[in-house]
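*Asks:* What follows is each chain in one-letter form.
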Amino acid sequence: MKTVTLTVKQAPELYLECENITPDTFAGKKADEIAQLPAYQGKEDTTLGEYFTIAGEAGATAAETQIILKGDCSKMKYIGIKMTAGEVIVNSSTDMYTGGWMKGGKLVVKGDVHSFCGLGMEGGEFIIEGNAGNYLGASYRGDWRGMQGGIIRVKGNVGSDICTFMNGGELIVEGNADVHIATHAEGGKIVIKGNVNRRVGGQMVKGEVIVFGKIGLMMPGYKYTKDVDLEVDGTKANFAEYVGDLGERHPKRKGEPVYGKIFLKK
Amino acid sequence: MITCRSIKQGVGMEAGKTSQKYFDACSIIEMHADDFKKLGIWKNTNVKVTSSVGSVIVKAVETRQDLYPGLGHIPMGPWANQIVPAYTFSTGEPCFKGFPVTVEVAMNEPIMSAVDVVKNACGLLKK
Amino acid sequence: MPKVVTDVTCPFCGTLCDDLEVTVSDDNKKILSVRNACAIGSEKFNHTSLPGRVTRPRKRQPDGTFKEITYDEAIDWTANMLVKSKKTLMYGWASTSCQAMSVGHEIAEKVGGVVDNCATVCHGSSLIAIQDVGIPSCTLGEVKNRADRVIFWGCNPAHAHPRHMSRYSIFPRGFFTVKGHKGRKIYCVDCRHTDTARVADEFIQIQQGYDYELLDAFRTAARGEALPDTIGGVPKEKVYKIVEDLKAGRFGVIFFGMGLTHTLGRNHNIDEAISFTRDMNDFTKFSIIAMRGHWNVTGSGQVLSWQYGFPYAVDLSRRNKARYQTGETTSVDLLVRNEVEACFNIATDPGAHFPIDAVVSMSKKPTVTVDPHINMSTEISDIHIPVAMVGVETGGCAYRMDNVPIETRKVVDAPDGMLTDVELLTKINERVDQLMGAK
Amino acid sequence: MSEYIIRNGHVFDPVQGIKGDKKDIAVKDGKIVETSALSASAKQIDAKGKSIMAGAMEVHAHVAGPKVNLGRWYRPEDKLFDSHKTPGMTRIEGGKSIPTVFKTGYSYARMGYTFAMEAAMPPLYARHVHEEIHDTPIIDEAALPVFGNNWFMLEYLKNHEIENNAAYVAWTLNQTKGYGIKIVNPGGTEAWAWGLNCLTVNDPVPYFEITPAEIIKGLIETNEYLGLPHSIHIHGNNLGNPGNYNVTLDTLKLVEGYKAKNNFGRKQVMHATHVQFHAYGGDNWGNFESKAKEIMDYVNMEKSITMDTGNVTLDETTTMTADGPFEHHLGGLNHLKWANVDVELETAAGVVPYIYSPNITVCGIQWAIGLELALYAKDPMRCFITTDHPNAGPFTRYPRVIKWLMSKKARDAQIKAFKNSDKVVAATNIATMDREITLYELAAMTRAGPAASLGLGKDYGGLKPGMNADIAIYNINPDNMPSDPEEIEKAFSGVAYLFKDGKICVKDGTVVDNGNKRTFWVDVKVKPNKQVAHDVKEKFLKYYSVNEGNYPVPDSFAPHPYVIAVDATQ
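Protein chains in written order, with the working numbering: chain B, 17 to 282; chain Y, 299 to 425; chain H, 5 to 443; chain G, 2 to 571.
Everything labelled a hint here was simulated from the structure, so no lab data went into it. Be aware that one or more of the hints could be misleading.
[Claimed, not checked] With the C-beta cut set under 10 Å, the calculated list includes, among others, these residues of chain Y facing chain B:
#1 F387
#2 S388
#3 T389
Where a beta carbon is used, it is the ideal one built from N, C-alpha and C, also for glycine.
Turn these sequences into a full structure, and let the hints guide you.
*Replies:* Written out as structure tokens, the structure is:
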């Protein structure tokens with residue numbers, strides 16, 4: 017695996033659109049070619065070279081390419097978007113769409129990420145060491161295809177509307193979450209180790225939400241069924257199982273309706 | 299706290315944002331009678347309303363469109379927006395309705411005009 | 005000899021009443037009287053003849069005062085601002101004609117603007133919800149002719165859409181609703197006992213911020229499932245009873261307003277309301293309609309959609325693609341995140357209606373405001389360009405809250421020498437072409 | 002205006018019966034002229050090894066209006082990563098299944114189309130339709146107002162008052178700047194206003210007590226009483242359900258005994274649209290099968306019918322129709338976002354996204370049915386190619402449909418690609434059909450045929466001197482047809498040249514001129530009719546939500562009209 021290191025030389029006046037910072041675009045390119053890759057700020061067409069000093073070179077394929085970002089990237093959008101393989105490590109916070117529509121490989125952000133990150137994610141591993149904003153692992157507006165696969169792990173807290181229209185994959189949050197979790201979900205699994213404000217699993221058709229802490233208020237469409245023992249992310253514990261959203265349509269398997277499930281640690 | 303349209307606000311707006319009509323219609327807070335008692339506020343006197351983002355002086359009045367105790371209403375407009383949090387939950391919609399505020403007596407503090415209240419916040423008001 | 009202009013469309017709210025009769029002086033300069041309009045509508049027409057109206061552009065001076073300048077100076081300043089700025093917020097459009105919007109979009113496509121309209125702080129959440137789950141709806145005439153169950157949820161037409169109830173939703177007699185009000189059952193869900201609640205047969209006072217839960221309860225009840233004892237302060241018995249009432253109707257309709265779009269959950273509240281409406285179509289006929297505010301905010305959404313495919317918050321800053329993401333390309337977020345370099349406001353007043361943080365951010369950037377009258381925005385702008393009032397001093401197409409297009413009419417002449425939105429934008433567009441060609 | 006002479010091209014023109022012979026085409030002042038009429042200054046265009054046809058005509062597509070635009074804005078995901086701008090004079094284009102107005106105009110032009118018919122205009126929303134038509138570049142357009150569920154019509158036809166109905170239709174065409182009579186799910190859409198439907202031609206309409214059959218016959222009589230350029234244009238009852246081909250045959254048979262009366266050379270009295278959706282056998286999705294042959298046997302025999310196919314293109318698309326109950330039904334099947342709009346006194350519309358997946362047997366069968374219809378057609382002048390855009394697929398896929406029609410090799414490859422190809426083959430005849438549509442037949446199915454059916458045969462759809470100079474030149478050589486079917490798709494995706502009104506608007510697949518787009522509409526004169534005038538006034542006073550005075554489409558909405566005058570006073 018070869019490594020490309022990008023170090024921020026100047027912060028953008030507005031926000032920099034960095035959809036070209038992915039192993040797939042870098043693959044097979046030398047530092048000077050990477051410096052020529054376009055980046056955008058409003059109507060100003062610029063290059064990555066304008067904003068980063070670039071060292072090292074990419075591997076022949078995405079899988080053989082590691083990208084390391086140094087300096088403050090908190091005003092950089094689209095880092096690691098649509099990446100299919102390889103590795104991206106960001107040593108700071110990033111802005112919107114980080115890891116959007118990610119298909120494979122590994123993406124690590126050592127700071128916070130803003131909203132719309134991991135949007136429509138299909139595969140790979142996305143690790144956020146700080147907090148995440150809203151719509152993490154959700155779908156793009158209007159799309160019914162949210163997170164499809166892969167895994168997102170957040171060490172800190174997450175905002176609202178996480179995993180809207182989730183169909184697969186897994187999200188693990190070590191901290192707390194705000195409102196609207198797994199709305200319209202039709203699959204997938206969400207683990208929240210902290211507390212959740214309100215509105216967990218609203219309009220959920222299928223899928224699982226596991227909460228270790230408290231839920232501010234349970235949706236009226238959920239009903240308690242039984243207690244179950246589960247092992248979740250290495251922790252064994254006893255959980256209360258709720259099914260719902262009973263106000264929502266549900267598919268049938270062998271004549272039996274399939275519900276979304278909330279597991280609340282006792 | 300909620301901020302809504304009212305017909306007076308609408309008429310005032312069309313009469314001109316600098317008009318007395320608009321001032322009278324929008325530089326107020328409507329509260330439940332119990333809250334007047336609880337907070338020791340006299341009707342039709344000025345109060346200071348404070349939220350997480352700022353505070354504004356408006357006149358406290360009772361309304362026929364009853365609210366339940368603990369809920370206040372300032373008609374939409376520059377006064378209300380002094381205290382509306384800009385956080386949008388990534389939807390574009392700020393928190394116009396449903397944010398916590400404190401209301402305290404401020405009888406002797408004047409209510410600024412629509413223009414001044416905005417200019418003041420923008421640091422454009424010549425003192 | 006005064007003349008009467010008939011079939012005049014009222015340019016105030018989304019109800020777009022088109023039966024006004026305006027009497028004007030024979031020289032077409034003064035409005036003498038307005039018939040059929042509500043209090044707000046009449047005020048709008050009378051406003052034209054108010055004294056002290058600004059009829060020429062004004063530029064703010066270092067000392068904060070405004071100095072009159074010519075239209076050409078204002079146009080040149082504006083064009084230069086647009087060409088120079090990397091990314092410009094072009095906000096408003098809700099109180100002008102579709103024809104004017106088209107010209108504005110052409111400019112935005114050249115200079116890299118973000119075109120956003122008032123939906124962004126009004127019914128944007130409704131549009132997001134519709135993008136997520138669709139919407140079973142109908143025109144207002146259908147309500148008048150068929151509806152026997154009418155729900156007002158988080159809206160107060162008595163104040164915001166004064167003639168809505170008499171023209172469409174509560175009182176009128178229609179083809180299949182010959183009994184008028186008597187034949188309809190009216191429900192009002194709100195956290196305040198509003199004047200609309202006063203005319204309702206059933207008032208459901210909900211705790212502020214629990215609409216999503218209550219709507220979910222309605223859906224759960226409609227499927228005959230169990231509920232907790234109270235939801236948002238509403239006893240479950242009441243929920244079950246109302247749902248049965250609604251199922252028993254022939255044609256139901258939900259009107260909702262900013263009580264849903266502004267409270268916690270925003271789009272989710274509407275999403276759940278729409279889903280409830282969809283569910284009810286398994287039992288009877290049900291529709292849902294958003295109570296759009298500004299008279300032509302719907303039109304702005306329509307034009308943006310047929311030209312770019314998105315109803316608001318359309319980001320053209322890359323100039324070779326149109327993008328849309330509420331929470332990113334929406335005005336308040338752009339301003340609070342300082343993601344734009346300049347602001348161009350037209351036909352609306354963000355100064356009065358945006359939260360103060362956004363207004364402050366705007367006041368720190370080069371800003372031009374195009375509006376017939378002085379308002380909060382003009383006072384924090386570098387330039388204020390007054391124009392003729394659309395729907396009063398010039399015509400143009402507008403879209404009602406149910407998307408029905410209605411032509412607004414010119415009833416009087418604008419003060420001498422004043423430009424219309426279309427004329428002004430066309431001139432700015434030409435100036436932009438010159439400047440970019442020169443580059 | 003400039004003159005052109007197009008040399009050495011292979012001309013395909015059913016109007017003159019030219020089947021690919023080399024022939025020079027002369028263009029002057031927007032018209033096709035005799036070569037002798039050209040001056041020496043005429044510009045030369047070398048079309049050696051290329052095929053020349055008249056500009057293609059879209060007979061049925063949803064390209065402008067309220068439901069199209071709803072489909073646009075409520076599907077932002079349809080534009081995700083699909084918004085772009087080609088350098089030059091064009092605007093930003095976007096949308097996979099429902100292109101923006103700019104992409105719509107440009108895409109049609111790039112494929113060699115010069116005319117498109119908006120297939121369903123709710124009269125109350127006519128102003129919206131025309132605003133979009135106005136903003137759509139290059140191509141000429143017209144729109145068909147919907148009449149099949151209209152209260153005036155229901156009341157007049159219930160008492161068989163053809164003259165009154167005709168006066169009302171004439172009034173509406175004039176108010177809405179409409180082109181002809183569209184019928185969508187006759188009676189069924191009015192029933193939908195109560196959540197019901199009419200699934201056969203004999204189901205009575207609630208309250209109005211009239212049957213779809215009576216509506217259709219009454220509107221045929223109305224259409225021929227007025228002598229409109231186009232016939233009634235019908236989307237029949239029970240669309241999209243297994244076993245509906247019987248209802249379709251019942252509908253088609255209603256033409257028996259009627260003769261076309263008009264001065265436009267139109268022969269048919271009924272145009273049946275997107276027949277693919279109406280040619281289904283079986284009684285559930287399990288035993289779903291093709292009945293294309295049964296339908297085409299009748300159509301081939303009955304000369305007073307024209308039709309279009311509605312080919313499934315196997316894409317993710319957005320269905321939209323004035324058939325409200327069908328969209329409700331479809332939303333229930335695929336659980337994707339359902340939108341509906343009921344329009345007072347007139348019609349309704351529904352919108353639902355849909356994915357025609359090659360992995361789903363039913364979709365494969367639908368794909369086969371669409372192609373079978375065209376391949377069974379004996380008279381290409383009466384069977385036209387459409388995708389009922391965007392219902393069976395976006396119109397931008399015409400090149401692919403043409404490939405499948407012109408190449409058995411391409412069809413077999415697609416059949417093989419289906420997940421359950423054996424099931425698809427078992428439920429259809431497509432695998433056994435060897436016919437390959439020729440370029441000449443194609444010219445009939447996409448040019449001369451549609452033009453004649455729309456009553457525009459005199460000026461459009463051909464290359465005869467005197468006709469309008471709408472000309473498409475394709476990079477395809479009949480003397481040396483490509484062995485690789487993909488080459489066919491490529492050739493029809495981007496014209497070498499497109500002339501619109503004698504002006505070059507597209508060159509080598511790139512738009513170079515916005516042309517001078519026109520709006521076609523039909524202005525019918527009828528005897529003054531007190532009864533209808535009174536009914537109109539009354540209905541606006543009592544039931545409409547807009548004033549009569551605000552109903553008509555102002556002339557400013559169609560600044561470049563092509564008005565077809567019809568005198569029905571005799």
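*Asks:* Does each hint hold? Answer for all of them.
*Replies:* Now the hints, each set against the structure:
1. Given hint, F387 of chain Y at the interface with chain B, holds; its Cβ is 5 Å from that chain's nearest Cβ, closer than 10 Å.
2. Look at S388 of chain Y: its Cβ gets to within about 4 Å of chain B, closer than 10 Å, so that hint holds up.
3. Given the 10 Å rule on beta carbons, the hint for T389 of chain Y holds: about 8 Å separates it from the nearest Cβ of chain B.
Hint compliance for this structure: no hint is broken.
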